[in-house]
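Visitor: With the hints as your guide, set chain B onto chain A.
2 protein chains.
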Amino acid sequence: MDAYADRLEAAITSKSSPLCVGLDPRLDKLPADVRAAAGGDPGKALLRFGLEVLDLVAPHAACVKPNLGFFEAFGLGGLAAYAGIVAGARTRGLLVIGDGKRGDLSTTAEAYAQAHLAPGGDFEVDALTVAPYMGADSLAPFVEVAAAHGKGLYVLVRTSNPGAADLQDLDVGGARVYERTAAMVRAVGERHRGRSGLSCVGAVVGATWPEQLRALRAALPTTPFLVPGYGAQGATAADTAAAHLAGGRGAVVNASRSVTFPTPKDPTTPWRAAVEAAARAAKEELDAARRRVV
Amino acid sequence: MDAYADRLEAAITSKSSPLCVGLDPRLDKLPADVRAAAGGDPGKALLRFGLEVLDLVAPHAACVKPNLGFFEAFGLGGLAAYAGIVAGARTRGLLVIGDGKRGDLSTTAEAYAQAHLAPGGDFEVDALTVAPYMGADSLAPFVEVAAAHGKGLYVLVRTSNPGAADLQDLDVGGARVYERTAAMVRAVGERHRGRSGLSCVGAVVGATWPEQLRALRAALPTTPFLVPGYGAQGATAADTAAAHLAGGRGAVVNASRSVTFPTPKDPTTPWRAAVEAAARAAKEELDAARRRVV
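Chains A and B, in that order, give the protein sequences.
For reference, each letter of the first sequence is one residue, going 1 to 294 in my numbering.
For reference, each letter of the second sequence is one residue, going 1 to 294 in my numbering.
Rather than coming from a laboratory, the hints here were simulated on the basis of the structure.
Heads up, a few of these hints could be off.
Copies of one chain are not kept apart here, so a pair can be met inside one copy or by any two copies together.
Stated by the list, open to error - In silico SDA-like cross-links for lysine to any residue, where the CA-CA straight-line distance does not exceed 25 Å: (1) K29 to A140; (2) K29 to P210; (3) K44 to G84; (4) K44 to L76; (5) K29 to T107; (6) K29 to A148; (7) K15 to E52; (8) K44 to S16; (9) K44 to D55; (10) K44 to A83; (11) K15 to T91; (12) K29 to P119; (13) K29 to P141.
None of these values were measured; they are calculated from a predicted model.
With the rest of the complex left out, here is chain A:
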């Protein structure tokens, strides 16, 4: 299989879209017709909604990012829905980033990597988000499994929330903790680059921190970025431009609630039309921002 970064770049180019649609389905926000058709079964409702959203956004998104937490919340039935959605994304030709923020040591890290990145598993996706607190040796087993199977990782570097500052911004003698995390990401990923020149080890960098985004982009010229914070969290399409390398390469921008639970100007808009329109609009403005990066 081609390297993850190469497959993602091809998807961005062929769809003219750096949009990643995040699937964060809260049961109480699902459309009434979806809930009714599921007959009160949370897992069935999540699966039905997820597959419908995949159909609606597939023309506009380079990839999708289901968040494991929202499925895990409903136990085995919820995770069966997650498995159904990642399989459904594959048949629709959409790349999938499993947003699990997993992290552990040694054989446990390897077990998580097998769970999400090895071929054939229920939860197999194209890339997984991982947490860096335990250090480089905790990332290594993830990197090995990813590289072996043409898969990717996104390590949390600079998250989009206000509390990101608590640990990530601490000054460690002229640099910040998140910059040290970035250096670690670069070091563990350097050996594993695809034909595009981009590594299989990416970074999560929030668009809500424009200065840090710019500095990290410069410091990590071969690292794919996954950029949260656009849309409901407040960052604009213009803010996301700093995530891209020259030629508009190297980043996808996530939109979750603003696409899957949009607030259309005309509140009588049927939800499917509203989701499709929101995905299209996000794609268009994000791609315009991307193309301005020369």
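Guide: Chain B alone, transformed into the frame defined by chain A:
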């Protein structure tokens, strides 16, 4: 329900044991008879082994700590085994720490907390391990759910691996990152203390770092500790003494492989007898170390 810390202290006292048995079942290491009885179904093998281990260690352990990664690796069938084991632990009167090292923001953090700490879910446990990189606001939803249901958390503060030093040891102007994490743990947990005086928000601190363990114990006098590193990872029972508060309170010490996959002196020892003996021996030496803390 009583506060988690109170329930755990009661278990440590009534069993005369600060032992936490970690369940990290690797399929290729399971006893041949367990694998044969499961007929090649990985989930069934994990469940069968887990329930047998619960029976063997129940007299000796204050709690058990199944690691989600080893179950997630086998997809839905693996997680069904996890659900069966946590339910089995409950019926055996064993407290369960779900070792998931979860972490996310806002409603996603709340979703994970619901998944693992709210009553009635497939994955309901007594406490969950969580990762701190995203900051205090990422921990807050976990703390709220835990406090509301008499459940607990253990935040990664100082992990037991060599790479722990990469980020956790960085000098942030007279303190280390892990000390700042510790301060965050104390701050988010301070309001939620049980009758024992101990908080529902605990800390993971490796016994492989004796100096840091001692310093953190002094800095966190109301924080329950979950202490990995004893046994297969090299820390001794004597090393774990520093984890306890006066009176031998406030900590459980994890042993995984050294109990569940022991290497008995007589290699012909049946595996069940070997596991039982390893749990008993670990309990005895850990409790002796605990009782010396006055």
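Visitor: Decide, hint by hint, whether the structure agrees.
Guide: Going through the hints against the structure:
1. Taking CA atoms no more than 25 Å apart as the test, K29 paired with A140 passes between copies only; the shortest distance there is 22 Å, against 38 Å inside one copy.
2. When the C-alpha separation of K29 and P210 is checked against a cutoff of 25 Å, the pair qualifies neither within a copy, at 31 Å, nor between copies, at 49 Å.
3. With identical chains, the CA atoms of K44 and G84 are at most 25 Å apart both within one copy (10 Å) and between copies (22 Å).
4. Taking identical chains as interchangeable, the C-alpha atoms of K44 and L76 lie at most 25 Å apart whether they share a chain (11 Å) or sit on different chains (15 Å).
5. Proximity of K29 to T107 under the C-alpha cut-off of 25 Å is restricted to the inter-copy arrangement: shortest distance 12 Å between copies versus 38 Å within a copy.
6. For the identical chains of this complex, K29 and A148 are inter-copy neighbours only, at 24 Å across copies versus 39 Å inside a copy, given an alpha-carbon limit of 25 Å.
7. In this homomeric assembly, K15 and E52 come within 25 Å of each other (Cα to Cα) only inside a single copy, at 19 Å, whereas the closest approach across copies is 53 Å.
8. In this assembly of identical chains, the alpha carbons of K44 and S16 never lie at most 25 Å apart, being 32 Å within a copy and 46 Å across copies at closest.
9. Taking the closest pair of Cα atoms, K44 and D55 come within 25 Å of each other only inside a single copy of the chain (17 Å); across copies the shortest separation is 36 Å, beyond that limit.
10. Taking the shortest Cα distances, K44 and A83 sit within 25 Å of each other both inside one copy (12 Å) and across copies (20 Å).
11. Taking identical chains as interchangeable, the C-alpha atoms of K15 and T91 lie at most 25 Å apart only when both belong to the same chain, with a minimum of 17 Å there against 53 Å between chains.
12. Proximity of K29 to P119 under the C-alpha cut-off of 25 Å is restricted to the inter-copy arrangement: shortest distance 22 Å between copies versus 33 Å within a copy.
13. Proximity of K29 and P141 under a CA criterion of 25 Å is satisfied inter-copy only: 19 Å between copies versus 37 Å inside one chain copy.
Checked against the numbered hints above, the structure violates hints 2 and 8; every other hint is satisfied.
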